[in-house]
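Visitor: Sequence:
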Amino acid sequence: MIVLYGIKNCDTIKKARRWLDAQGAEYQFHDYRVDGLNAELLNSFIAQLGWEALLNTRGTTWRKLDEALRATIIDARSAAALMLEMPAIIKRPLLYAPGQPMLLGFNESNYQQFINEV
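According to this note's numbering, the residues represented by the sequence shown are 13 to 130, in order.
Among the hints, a few may not be true.
[To be verified] Ranges between beta-carbon positions, derived for each pair:
hint, residue 1, residue 2, range
1, Q112, D47, 14 to 22 Å
2, A51, D23, 39 to 47 Å
3, E129, T69, 12 to 20 Å
4, E79, Q112, 32 to 40 Å
Because the hints were derived from the structure by calculation, they are not lab data. Glycine included, each C-beta is placed from N, C-alpha and C at the ideal position.
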């Protein structure tokens, strides 16, 4: 089963969901704010993708953080604590299927290849 992780009001999530729906892909949407995010799940993302890739330092949530707080995000542990507290700071969408490498971000050709291989 394909799982799309993110936050429902994100424009890129909306694009990814529209694309998946248009392809007739069966997937489950997991909204971090509604369905939650626990440390075990987040650590599995970090293990596969790395905390640097997951932490969205280009988004509004990051830019609104106090500079002193941003300076404390120096490793996987500190980044994970921040991402658990503020799931909106996680880069999205994240596409997952068992046995497949996770996809971070939205790209039609990458998504097409992903669903073809599931």
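Visitor: Give a verdict on every hint.
Guide: To see whether the hints hold, each was checked on the structure:
One distance hint, 14 to 22 Å for the beta-carbon pair Q112 and D47, holds here, with the actual separation near 21 Å. Remark: the range hint 39 to 47 Å for A51 to D23 is contradicted by a beta-carbon distance near 28 Å. The hint said 12 to 20 Å for the Cβ distance between E129 and T69, and at roughly 30 Å that hint is violated. For E79 and Q112, the hinted distance range of 32 to 40 Å is satisfied, since their beta carbons lie about 38 Å from each other.
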